[in-house]
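S.K.: Sequence:
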Amino acid sequence: MATEDQGTPGSEQEPEEVVEQEATETAEATTGEEGVVELDAEALSEALQQAKDQTLRTQAEMQNLRRRVDRDVESAHKFALEKFVGELLPVVDNLERALDAIDADDENLSGAREGIELTLKSFLGVLDGHKVKQVEPTGEPFNPDFHQAISMVPSPDVTANTVMEVFQKGYTLNDRLVRPAMVVVSKGAE
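Going by the working numbering, the sequence shown opens with residue 89, and the numbers climb by one from there.
In case anyone wonders, no lab produced these hints; they're calculated from the structure.
For each residue, glycine too, the CB sits at the ideal point set by N, CA and C.
Any given hint could turn out to be false.
Label pairs and their computed distance ranges (CB to CB) [what the hints assert, rightly or not]:
1) 140 / 232: 38 to 44 Å
2) 190 / 242: 32 to 38 Å
3) 179 / 265: 14 to 20 Å
4) 198 / 241: 24 to 30 Å
5) 171 / 200: 14 to 20 Å
Simulated pairs of lysine to aspartate or glutamate, DMTMM-like, Cα-Cα distance not exceeding 25 Å [stated by the list, open to error]:
6) 166 / 181
7) 219 / 263
8) 221 / 170
9) 171 / 160
10) 219 / 130
11) 221 / 175
12) 257 / 160
13) 209 / 253
14) 219 / 162
15) 221 / 202
16) 140 / 130
17) 209 / 245
18) 171 / 233
19) 171 / 224
20) 257 / 195
21) 209 / 193
22) 171 / 263
23) 166 / 188
24) 209 / 160
25) 257 / 233
26) 219 / 175
27) 221 / 181
28) 275 / 263
29) 219 / 149
30) 209 / 224
Could you put together the complete structure from these sequences and hints?
M.R.: In structure tokens:
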């Protein structure tokens, strides 16, 4: 049998050469495994960084959404009465017209006039309590954001683009226009 071992190509190598060859193969295998481990570590590190970035983005989105919802809820609370106020304004207009129609010197209607005045005052107090304000722009510069011009009249006494007369008062709710004031605007001297 010893003669058979000598005939094989691997048996002619010295034991030192075999050990060196095995060590080299083991080192190459280890280097390959370390490379895979390093690649895995880099991939995991990159995946971790992407997950952190995604988490930060998601948190930022949630904060923005929370702020937007809070702002929408606040706006809904602030302006929930807008339609209701708009429907009540003709009542205020009618009370003011009734006061204008009653002769202040007529003794027979003084009780009715006083009742209408108190009702109007109470009504305006309630509106004021809900942050509804009148827009009474007589003598102010015309502002298309708050005034609706019905006509323009030449006037040498009033500067151009100044409100001369108010046909119907305007109203705001929390500084948002509910109804513009209907006004006559001066053209100035012609």
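S.K.: Take the hints in turn and mark each one as holding or not.
M.R.: To see whether the hints hold, each was checked on the structure:
Residue 140 and residue 232 have their C-beta atoms about 52 Å apart, which leaves the hinted 38 to 44 Å range violated. Roughly 34 Å separates the CB atoms of residue 190 and residue 242, a value that falls within the hinted 32 to 38 Å. As the Cβ distance of residue 179 to residue 265 is approximately 19 Å, the hint placing it in 14 to 20 Å holds. A hinted range of 24 to 30 Å is violated for the C-beta pair residue 198 and residue 241, which are about 36 Å apart.
Distance hint check: the CB atoms of residue 171 and residue 200 are about 31 Å apart, inconsistent with the given range 14 to 20 Å. About 24 Å separates the Cα atoms of residue 166 and residue 181, which keeps this hinted pair within 25 Å; it holds. Between the alpha carbons of residue 219 and residue 263 the distance comes to roughly 8 Å, so the proposed pair stays at or under 25 Å and holds. Our distance criterion of 25 Å between C-alpha atoms is met by residue 221 and residue 170, whose separation comes to about 12 Å.
For a cut-off of 25 Å, the pair hint linking residue 171 to residue 160 stands: about 17 Å separates their Cα positions. Of the supplied pair hints, the one linking residue 219 and residue 130 is violated, its CA atoms being roughly 62 Å apart against a limit of 25 Å. The hinted pair formed by residue 221 and residue 175 meets the criterion: a straight-line CA distance of about 15 Å does not exceed 25 Å. A hinted pair counts as satisfied when its Cα atoms are at most 25 Å apart, and residue 257 with residue 160 does not qualify at roughly 29 Å.
As the CA atoms of residue 209 and residue 253 are separated by approximately 22 Å, the hinted pair is consistent with the 25 Å bound. With a C-alpha separation of about 15 Å, the suggested pairing of residue 219 with residue 162 holds against the 25 Å cut-off. A C-alpha spacing of about 23 Å is found between residue 221 and residue 202, which places the hinted pair at or below 25 Å, so the restraint holds. About 15 Å separates the Cα atoms of residue 140 and residue 130, which keeps this hinted pair within 25 Å; it holds.
In summary, the hint linking residue 209 to residue 245 is not supported, as the alpha carbons are separated by about 33 Å, beyond the 25 Å threshold. Distance check on the hinted pair: residue 171 and residue 233 sit about 19 Å apart at the alpha-carbon level, within 25 Å; holds. Of the supplied pair hints, the one linking residue 171 and residue 224 holds, its CA atoms being roughly 21 Å apart against a limit of 25 Å. Taking the CA atoms of residue 257 and residue 195, the gap is about 29 Å. The hint is violated against a cut of 25 Å.
Among the hinted pairs, residue 209 with residue 193 is consistent with the structure: their alpha-carbon atoms are about 20 Å apart, no more than 25 Å. For the suggested pair residue 171 and residue 263, the alpha carbons sit about 15 Å apart, so the restraint of at most 25 Å is met. Between residue 166 and residue 188 the alpha-carbon distance is near 33 Å, which puts this suggested pair outside the 25 Å criterion. Among the hinted pairs, residue 209 with residue 160 is inconsistent with the structure: their alpha-carbon atoms are about 33 Å apart, more than 25 Å.
Between residue 257 and residue 233 the alpha-carbon distance is near 14 Å, which keeps this suggested pair within the 25 Å criterion. Taking the CA atoms of residue 219 and residue 175, the gap is about 16 Å. The hint holds against a cut of 25 Å. For a cut-off of 25 Å, the pair hint linking residue 221 to residue 181 stands: about 14 Å separates their Cα positions. With a C-alpha separation of about 28 Å, the suggested pairing of residue 275 with residue 263 is violated against the 25 Å cut-off.
For a cut-off of 25 Å, the pair hint linking residue 219 to residue 149 is broken: about 34 Å separates their Cα positions. With a C-alpha separation of about 16 Å, the suggested pair residue 209 and residue 224 falls inside the 25 Å cut-off, and the hint holds.
Comparing the model with each numbered hint stated earlier shows that hints 1, 4, 5, 10, 12, 17, 20, 23, 24, 28 and 29 do not hold.
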